[in-house]
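Novice: Listed here are the chains, written in short residue letters.
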Amino acid sequence: MNDSPFPVIFALDALTGALFLLVGLGVVATRQVLASLQLFIAQSLLLSLSAALLGIALGSLHLIAVAAITVATKTVMIPWVLRRTVSAEVYRTREIDRVLNIPSSLLIAAVLIVLAYWIANPILSAVDAPFARINLPLGLAAIFLGVFTVVVRREAVPQLLGLLALENGVFFAGVAIVPDLPVIAELAAAVDVPVVALVVGLLTRRIYTQLGTTSVGQLASLRER
Amino acid sequence: MADRILYNILQIFVVIGFAPLVEGVTSRLKEVVQSKRGPSVFQPYRDLWKLLHKDEIVSEESSWIFRAAPYVAFAAPVFVALLIPVLTRYPLFFAFMADMLGAGFVLALGGFFTALAAVDTANPYGPMGASRTRMVGFLAEPVFIIVFLTVSFVAGSTIPYIVQVRWITPISNFFEPSHVLLMIAFLMLILAEDGRIPVDSPSGMFELAMIERSKSLEYSGRGAALVKWASAMKFFVLICVFLNVLVTPWGLASGMGLAEVLLAIPLVLVKIFVFILLLVCIECSLAKLRLFRITEFLGAALVISAVAMITRLSEI
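Line order of the protein sequences matches chains A and B. Taking our numbering, I'd label the letters of the first sequence as residues 1 to 225. Taking our numbering, I'd label the letters of the second sequence as residues 1 to 316.
Everything labelled a hint here was simulated from the structure, so no lab data went into it. Where a beta carbon is used, it is the ideal one built from N, C-alpha and C, also for glycine. Take these hints with a grain of salt, some might be off.
[Said to hold, decoys possible] DEER-style ranges, computed between Cβ atoms:
# : chain 1 : residue 1 : chain 2 : residue 2 : range
1 : B       : 17        : A       : 125       : 53 to 59 Å
2 : A       : 104       : B       : 173       : 29 to 35 Å
3 : B       : 93        : A       : 151       : 52 to 58 Å
4 : A       : 77        : B       : 131       : 48 to 54 Å
5 : A       : 38        : B       : 50        : 44 to 50 Å
6 : B       : 173       : A       : 77        : 35 to 41 Å
7 : A       : 34        : B       : 284       : 17 to 23 Å
[Unchecked claim] Listing some non-contacts, in silico: residues in chain A with all C-beta distances to chain B over 12 Å:
#  : residue
8  : 19
9  : 41
10 : 42
11 : 45
12 : 55
13 : 61
14 : 64
15 : 159
16 : 187
17 : 208
18 : 209
[Said to hold, decoys possible] Short, incomplete list of chain A residues facing chain B, as computed with Cβ under 7 Å:
#  : residue
19 : 11
20 : 80
21 : 112
22 : 114
Generate the whole structure from the sequences, applying the supplied hints.
Specialist: See below:
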């Protein structure tokens, strides 16, 4: 811990990472749709905070730009798009349809986090970035949790949020490994991801008006009318 | 040596004396937040005084367990107060008698006896509350164990006095992810153990929904006073462990002078007051969980503590 050249920022980044992971667990486990959207906003804020901290520590303007873009797209645009396209009825749903119950999905999530650390260990010996020790395993864990959210949820909007949480995880790991992450990559994602959110939002709206539900898990099999 | 014994006994009297005050302040603040006036903060003292002067009625069908349980429940937090840092930064005379796990076992012993006593009277609500408390208890147990394991792994010791120094030297240790996660997990544990709102409603008067409170329905007079006092002290002791060992190990006396130790009393009370403010915010903004949702609440606490352990073991 104390061998780092920036002890304070290192500690703050570690704290941000821990909260990032905690919020990721929240996205897996919350019951309400609205709460999982708010948790996703919190996760994006933590991601941009981590990017800004790294930018300050490493003197990299790119990372600060990444932080600013993340705040603009993920905490403002995507929630706005989702709130506009998906009807308010969906956000009022309290009991979300899911494959596993909450305690067992949380336990599996804990196993996934262990797995993330286990996988990150050999990679860390190859990477020579000061903050990778924090960000890489936590980013990997967030990727796993995002995939797991998509698997375990059966509602359209929380599934999309799982996908976006996965993307947050990719960036969380990325900012540490590649300090001079090209802004163009982040800009591409910044345009791309809201479009994905818009498409999925419109699709959800369509499903909702057709079927009166957004439990896409029930759409797995065809049914004659 | 003599002053260490003296301070240790002083700690006990602080716990016994101020525990009802903490309860009174909590309920008063809660009422204020809900735009009511609420009872005086000294109401618990008056309740205890009144109960101690009333006759005690004991069912003929009950055994010695029913009569002994209030005393065991009262003695358990008093005993734990010997072991944990309430006022001082340095270990006192009895501090090495048992570690944090020992303190946990002693507290559990008190809970065990009140649960037995609730079953003993065959009052229909008592056994129900007792079995529910056991359910919450055994769900909370793994969280307790993981929190203690991680804490003692970090500090290399299970004595709380050594643990508290580890978190703040150097100060960057305070922001360690494992530390923050442990704090959250332990807070959830306190809410569950003390029957606070997401798990149980402390001011609820409906027997069918009670978890913690229905165990002492059958007591009257001195027994009721002791059980009430014991639950206030248990809460006080848990807050002391949370604040003085895990969260804010500041404001404790570091010198041996009596004045310094006496000064620590108001400082600790201020810390507890701030914690109560947080607790009241939690209590007033959440709804009570349904009984089988408690599994999810404590499951979340378990996963948070497990993540704390993982981040710690992988040396972040």
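Novice: For the restraint on residue 11 of chain A, tell me whether the closest CB of chain B is nearer than 7 Å.
Specialist: 4 Å, holds
Novice: The output says residue 61 of chain A does not contact chain B. Does that hold with a beta carbon cutoff of 12 Å?
Specialist: 26 Å, holds
Novice: Determine whether the Cβ-Cβ distance between residue 38 of chain A and residue 50 of chain B falls within the hinted range of 44 to 50 Å.
Specialist: Once the Cβ atoms are compared, 47 Å apart, the range 44 to 50 Å for residue 50 of chain B and residue 38 of chain A holds.
Novice: Does the no-contact call for residue 19 of chain A survive, Cβ to all of chain B over 12 Å?
Specialist: Given a closest Cβ separation of 7 Å, the condition is violated.
Novice: Take the C-beta atom of residue 93 of chain B and the C-beta atom of residue 151 of chain A, compute their distance, and say whether it sits inside 52 to 58 Å.
Specialist: Cβ of residue 93 of chain B to Cβ of residue 151 of chain A: about 56 Å, so the range 52 to 58 Å holds.
Novice: Over 12 Å from every CB of chain B: does residue 41 of chain A meet that, or does the non-interface label fail?
Specialist: At roughly 19 Å from the nearest Cβ of chain B, residue 41 of chain A sits farther out than 12 Å, so the non-interface label holds.
Novice: Just double-check residue 159 of chain A for me: nearest Cβ-Cβ distance to chain B has to come out over 12 Å.
Specialist: 20 Å, holds
Novice: If we take the beta carbon of residue 209 of chain A, is the closest beta carbon in chain B still more than 12 Å away?
Specialist: Answer for residue 209 of chain A: holds, closest chain B Cβ roughly 32 Å.
Novice: Would you check whether residue 114 of chain A satisfies its interface hint, that is, whether its CB is within less than 7 Å of any CB in chain B?
Specialist: Where the cut-off is 7 Å and the nearest Cβ of chain B is about 6 Å from residue 114 of chain A, the hint holds.
Novice: So is residue 208 of chain A really clear of chain B, every C-beta pair being over 12 Å apart?
Specialist: Residue 208 of chain A is indeed farther than 12 Å from all Cβ atoms of chain B, at 27 Å.
Novice: Say whether it holds or is violated: residue 42 of chain A keeps its Cβ farther than 12 Å from all Cβ of chain B.
Specialist: The claim holds: residue 42 of chain A sits with its nearest Cβ about 14 Å from chain B, beyond 12 Å.
Novice: So is residue 55 of chain A really clear of chain B, every C-beta pair being over 12 Å apart?
Specialist: 19 Å, holds
Consistency with the previously given hints fails for numbers 8, 20, 21, ordered from lowest to highest.
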